[in-house]
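All chains, full assembly: derive it from the sequences and hints.
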Amino acid sequence: DPKIIQKPKYLVAVTGSEKILICEQYLGHNAMYWYRQSAKKPLEFMFSYSYQKLMDNQTASSRFQPQSSKKNHLDLQITALKPDDSATYFCASSQEQAGQLYFGEGSKLTVL
Amino acid sequence: QQQVRQSSQSLTVWEGETAILNCSYENSAFDYFPWYQQFPGEGPALLIAIRSVSDKKEDGRFTIFFNKREKNLSLHIKDSQPGDSATYFCAAINYNVLYFGSGTKLTVEP
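Chains as they are written, first to last, in the numbering used here: chain A, 1 to 112; chain B, 113 to 222.
Possibly wrong hints are sitting among the right ones.
Cβ-Cβ distance ranges computed for the label pairs, FRET-style [as the list claims (entries may be wrong)]:
#1 Gln115/B x Tyr26/A: 43 to 49 Å
#2 Ser166/B x Ser86/A: 37 to 43 Å
#3 Glu182/B x His73/A: 26 to 32 Å
#4 Asp1/A x Phe151/B: 27 to 33 Å
#5 Thr124/B x Lys82/A: 44 to 50 Å
#6 Lys7/A x Tyr207/B: 27 to 33 Å
#7 His73/A x Glu221/B: 24 to 30 Å
With a straight-line cut-off of 30 Å between C-alpha atoms, the simulated DSSO-like cross-links for lysine-lysine are [stated by the list, open to error]:
#8 Lys217/B x Lys3/A
#9 Lys82/A x Lys217/B
#10 Lys53/A x Lys7/A
#11 Lys169/B x Lys190/B
#12 Lys41/A x Lys183/B
#13 Lys40/A x Lys217/B
#14 Lys190/B x Lys9/A
Because the hints were derived from the structure by calculation, they are not lab data.
By construction, the Cβ of each residue, glycine as well, lies at the ideal position given by its N, Cα and C atoms.
Structure representation (structure tokens):
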């Protein structure tokens with residue numbers, strides 16, 4: 001059974017629209033992360049949360065907003081979508097050591 | 113600025129050979145270096161990791177050699193199998209943020 005569930009697996013959006021990527025982890029971890037993977041920048045760190053609090057944000061644009069409604073949830077809201085946002089977005093979690101990440105299977109976003 | 117570099121985008125070896133994947137880094141503050149393996153359509157998975165106080169870490173067919181003075185490390189995959197064909201990412205951690213290299217796509221030919 002997948003321990004980190006990401007939904008949807010694939011999505012297509014039009015430029016200017018808004019999407020929410022869902023992530024739930026069932027590993028009992030306290031820290032959660034979002035990474036982005038594209039042809040231009042493989043596995044780029046975006047956000048980290050610990051105990052539902054934002055720890056680090058290396059995303060320049062405010063169009064990307066993480067949302068943590070529960071300890072094991074970390075969704076990613078993306079507004080005013082652009083074609084450059086096309087990428088696979090990976091959610092990950094860890095217990096204590098941020099180097100030992102467990103990744104979900106990703107949500108592949110295509111913006112037309 | 114790329115903090116972790118993987119010099120080869122791709123590498124092809126024959127089944128049974130040892131595959132060597134290289135990695136270098138810039139930041140002396142990095143102290144933990146995991147390697148992740150990623151198959152198409154899947155998320156990366158932790159394969160093996162080393163701390164900067166060690167110069168070698170072995171786990172089955174996988175070995176990391178680490179050179180702190182030169183700021184480089186390598187992943188050796190002994191007796192490569194076709195099932196090892198994947199993309200391998202070198203990574204390093206600083207202030208609880210994991211930085212990834214650009215990856216090396218390994219193909220093991222039978």
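query = Among all the numbered hints in the text so far, which are the ones the structure does not match?
reply = Per hint list: 1, 3, 4, 5, 7 and 14 violated.
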